[in-house]
Amino acid sequence: MVEKILQSIRKLPAFPASVHKVSELLRDDDYSTQEVVKVIQYDQAITANIMKMSNSAYFGSRQKIRTIHEAVVFLGRRHLQSAVVTAGASRFFQASKGGYVEKGKALWEHSVAVAVMSQILSRHLRQREDQVLYTAALMHDIGKLILGEFVHDGYEKIQDLMERRSCSFLEAEEEILGINHAELGGRIADQWNFPPAIRDGIAFHHRPDLLEDEDSIAGLIYLSDQFCLMAGIDGGIDGLAHRGIGSVMKQFQLREVDLERNLIVLLDELDKAADVLQLVH
Amino acid sequence: MDIVVGISDVKCSNKNGDVLVTYALGSCIAVAVHDPVAGVGGLLHFMLPDSTLDQTKASQAPAMFADTGIPLLFKSCYQLGADKRRMTVKVAGGASILNDTDYFRIGKKNITAMRKIFWRNNVLISAEDTGLNFNRTVRLNVADGKCLVKVSNGTLKDL
Numbered sequence: 001m002v003e004k005i006l007q008s009i010r011k012l013p014a015f016p017a018s019v020h021k022v023s024e025l026l027r028d029d030d031y032s033t034q035e036v037v038k039v040i041q042y043d044q045a046i047t048a049n050i051m052k053m054s055n056s057a058y059f060g061s062r063q064k065i066r067t068i069h070e071a072v073v074f075l076g077r078r079h080l081q082s083a084v085v086t087a088g089a090s091r092f093f094q095a096s097k098g099g100y101v102e103k104g105k106a107l108w109e110h111s112v113a114v115a116v117m118s119q120i121l122s123r124h125l126r127q128r129e130d131q132v133l134y135t136a137a138l139m140h141d142i143g144k145l146i147l148g149e150f151v152h153d154g155y156e157k158i159q160d161l162m163e164r165r166s167c168s169f170l171e172a173e174e175e176i177l178g179i180n181h182a183e184l185g186g187r188i189a190d191q192w193n194f195p196p197a198i199r200d201g202i203a204f205h206h207r208p209d210l211l212e213d214e215d216s217i218a219g220l221i222y223l224s225d226q227f228c229l230m231a232g233i234d235g236g237i238d239g240l241a242h243r244g245i246g247s248v249m250k251q252f253q254l255r256e257v258d259l260e261r262n263l264i265v266l267l268d269e270l271d272k273a274a275d276v277l278q279l280v281h
Numbered sequence: 001m002d003i004v005v006g007i008s009d010v011k012c013s014n015k016n017g018d019v020l021v022t023y024a025l026g027s028c029i030a031v032a033v034h035d036p037v038a039g040v041g042g043l044l045h046f047m048l049p050d051s052t053l054d055q056t057k058a059s060q061a062p063a064m065f066a067d068t069g070i071p072l073l074f075k076s077c078y079q080l081g082a083d084k085r086r087m088t089v090k091v092a093g094g095a096s097i098l099n100d101t102d103y104f105r106i107g108k109k110n111i112t113a114m115r116k117i118f119w120r121n122n123v124l125i126s127a128e129d130t131g132l133n134f135n136r137t138v139r140l141n142v143a144d145g146k147c148l149v150k151v152s153n154g155t156l157k158d159l
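Note that the protein sequences, when read in sequence, are chains A and B.
Going by our numbering, the residue at position 11 of the first sequence is 11; the numbering climbs one at a time, nothing skipped.
Going by our numbering, the residue at position 99 of the second sequence is 99; the numbering climbs one at a time, nothing skipped.
Because the hints were derived from the structure by calculation, they are not lab data.
C-beta atoms are modelled at their ideal positions from N, C-alpha and C, and glycine is treated no differently.
Hints should not be assumed to be uniformly reliable.
Take a look, some chain B residues computed to stay more than 12 angstroms from chain A by CB distance [to be verified]:
1) N16
2) V19
3) P36
4) L72
5) L80
6) R115
7) F118
8) W119
9) S126
10) R139
11) A143
12) D144
As a list, the in silico EDC-like pairs of lysine to aspartate or glutamate whose alpha-carbon atoms are at most 16 angstroms apart [unchecked claim]:
13) K57/B x E260/A
14) K52/A x D275/A
15) K109/B x D258/A
16) K146/B x E128/B
17) K108/B x D129/B
18) K57/B x E269/A
19) K109/B x E260/A
20) K38/A x E70/A
21) K116/B x D50/B
22) K57/B x D268/A
23) K57/B x D271/A
24) K4/A x E174/A
25) K146/B x D129/B
26) K109/B x E256/A
27) K146/B x D158/B
28) K146/B x D2/B
29) K108/B x E260/A
30) K108/B x E256/A
31) K11/A x E149/A
Please take these sequences and the hints and turn them into a complete structure.
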């Protein structure tokens with residue numbers, strides 16, 4: 001089973017090269033707007049999505065943005081990276097084939113919510129936004145899109161394990177499919193040439209405590225994911241069947257009221273991000 | 001007609017044929033009330049237990065919190081002719097993640113806050129499907145007060 005699953009990720013289309021290219025250009029503080037525009041323009045789907053997003057309230061747009069050049073200037077260094085990643089990732093959620101997720105749209109909404117929450121937490125805890133964190137948070141459940149296709153017969157068995165033995169969703173996946181969606185997501189990230197920080201953030205987003213790396217972003221993705229699940233913004237059949245890991249809250253010195261306050265901020269920001277959510281139908 | 005109640009939202013109706021529905025409760029709680037004589041139904045989807053967390057937010061969006069949302073739900077139903085003595089109250093939601101430590105108690109806190117409010121106001125909860133670790137969807141039929149809870153594992157309950 002695991003072999004079949006791993007083989008299937010090799011058939012995945014590549015992650016849009018234009019996204020990686022833009023990331024590369026943005027690494028230079030003195031990046032050229034013209035060059036970024038050239039790369040984006042090459043990919044029509046991404047261009048269309050960037051135009052939609054740059055006019056979204058989430059990025060604070062006040063006046064109508066009409067050209068990709070205007071969009072690149074307006075988004076600037078602060079937002080360009082996350083906008084391009086979002087524009088590029090959305091295509092993988094369009095054609096979801098069922099299984100875990102009834103519709104790719106539900107998983108997309110969950111993924112965007114976790115990405116938005118990761119930035120709320122990053123601002124709260126580190127006084128800054130973090131594009132690497134945003135990317136990993138947006139892609140954290142990418143493994144579910146693949147694993148969902150293999151789950152047809154295993155679906156009921158996973159449900160049964162969660163109910164009868166109080167297994168977490170992750171443990172049930174491991175027992176029935178031989179691999180969990182987080183680990184598979186990490187392998188997909190590798191195949192798509194994302195940096196190791198993003199790969200680890202995805203692979204350990206349910207068990208950040210297993211990763212011996214204090215600087216890892218996995219803990220923040222874990223918290224963002226749990227907060228969204230509590231708010232009911234879930235991404236599939238797993239519901240809230242995930243283990244609480246108190247040490248992560250302790251590590252970030254988060255209190256329960258911080259969690260509650262951040263949930264309020266999340267609802268406000270998701271209201272503004274309606275255009276981003278609509279990138280997947 | 002299906003009328004969707006979002007997170008931190010409340011909706012009431014006295015129209016035969018209306019169904020109030022709220023999706024994906026997570027740790028949030030849905031309170032469904034119904035007066036069979038007046039033919040009035042109301043549905044609240046609150047997210048947090050206590051409005052003292054953020055008073056400004058509570059005045060803008062009272063349905064966000066148990067202590068401001070529940071009174072709002074009842075008042076909105078009274079305006080359509082409902083009477084407290086005839087109203088049935090059904091609740092669902094308040095799920096938690098597994099072996100949640102002290103840090104992730106929103107679901108349980110929501111359940112406790114809600115029960116306290118009803119207890120203090122002498123209101124009996126006639127049916128309840130709360131806790132555990134499922135996501136739930138609630139539908140309330142305004143005509144007959146039938147309340148259906150769909151759980152993320154696929155089961156459908158008639159509360």
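Evaluation of the provided hints:
1. Distance check on N16/B: its Cβ is at least 29 angstroms (rounded) from any Cβ of chain A, clearing the 12 angstroms threshold; non-interface status holds.
2. Against chain A, the non-interface label of V19/B holds: every CB pair exceeds 12 angstroms, the least being about 19 angstroms.
3. At roughly 29 angstroms from the closest C-beta of chain A, the C-beta of P36/B stays outside 12 angstroms, upholding its exclusion from the interface.
4. No Cβ of chain A approaches the Cβ of L72/B within 12 angstroms, the least distance being about 17 angstroms, so the stated non-interface status holds.
5. With 12 angstroms as the threshold on Cβ separation, the claim that L80/B sits away from chain A holds: the shortest Cβ distance comes to roughly 27 angstroms.
6. With a closest Cβ-Cβ approach of about 19 angstroms to chain A, R115/B is found to remain outside the 12 angstroms limit, as its non-interface label requires.
7. Every CB of chain A lies more than 12 angstroms from the CB of F118/B, the least distance being 21 angstroms, so the non-interface label holds.
8. Once the 12 angstroms rule is applied to beta carbons, W119/B is consistent with being away from chain A; the minimum gap is 23 angstroms.
9. Listed as outside the interface, S126/B is consistent with that label: its C-beta sits roughly 24 angstroms from the nearest C-beta of chain A, beyond the 12 angstroms cut-off.
10. With a cut of 12 angstroms on Cβ distances, R139/B stays outside the contact zone with chain A, its closest approach being about 15 angstroms.
11. At roughly 27 angstroms from the closest C-beta of chain A, the C-beta of A143/B stays outside 12 angstroms, upholding its exclusion from the interface.
12. Even its closest Cβ contact with chain A, about 26 angstroms, leaves D144/B beyond 12 angstroms, as expected for a residue assigned away from the interface.
13. As the CA atoms of K57/B and E260/A are separated by approximately 12 angstroms, the hinted pair is consistent with the 16 angstroms bound.
14. Of the supplied pair hints, the one linking K52/A and D275/A holds, its CA atoms being roughly 7 angstroms apart against a limit of 16 angstroms.
15. Only pairs whose Cα atoms come within 16 angstroms are accepted, and K109/B paired with D258/A is accepted, the gap being roughly 15 angstroms.
16. A distance of roughly 13 angstroms separates the Cα atoms of K146/B and E128/B; the hinted pair therefore holds under the 16 angstroms criterion.
17. Using a Cα cut-off of 16 angstroms, the hinted pair K108/B and D129/B holds, with the two alpha carbons roughly 13 angstroms apart.
18. Only pairs whose Cα atoms come within 16 angstroms are accepted, and K57/B paired with E269/A is accepted, the gap being roughly 14 angstroms.
19. Proximity of K109/B to E260/A is assessed by CA-CA distance (about 11 angstroms); at most 16 angstroms being required, the pair is judged to hold.
20. With a C-alpha separation of about 13 angstroms, the suggested pairing of K38/A with E70/A holds against the 16 angstroms cut-off.
21. A C-alpha spacing of about 12 angstroms is found between K116/B and D50/B, which places the hinted pair at or below 16 angstroms, so the restraint holds.
22. Distance hint between K57/B and D268/A is fulfilled; the C-alpha atoms sit about 11 angstroms from each other, no more than 16 angstroms.
23. For the hint linking K57/B to D271/A, the alpha-carbon distance of about 15 angstroms falls within 16 angstroms, and the restraint holds.
24. Annotation: proposed proximity of K4/A to E174/A holds, straight-line Cα distance about 15 angstroms (limit 16 angstroms).
25. Taken as a hint, the K146/B and D129/B pair is honoured in the structure, with Cα atoms around 14 angstroms apart against an allowance of 16 angstroms.
26. Between the alpha carbons of K109/B and E256/A the distance comes to roughly 11 angstroms, so the proposed pair stays at or under 16 angstroms and holds.
27. As the CA atoms of K146/B and D158/B are separated by approximately 7 angstroms, the hinted pair is consistent with the 16 angstroms bound.
28. Our distance criterion of 16 angstroms between C-alpha atoms is met by K146/B and D2/B, whose separation comes to about 14 angstroms.
29. Between the alpha carbons of K108/B and E260/A the distance comes to roughly 13 angstroms, so the proposed pair stays at or under 16 angstroms and holds.
30. At roughly 12 angstroms between alpha-carbon atoms, K108/B and E256/A fall within 16 angstroms of each other, so this suggested pair holds.
31. For the given pair, K11/A sits about 13 angstroms from E149/A by alpha-carbon distance, which is consistent with the 16 angstroms threshold.
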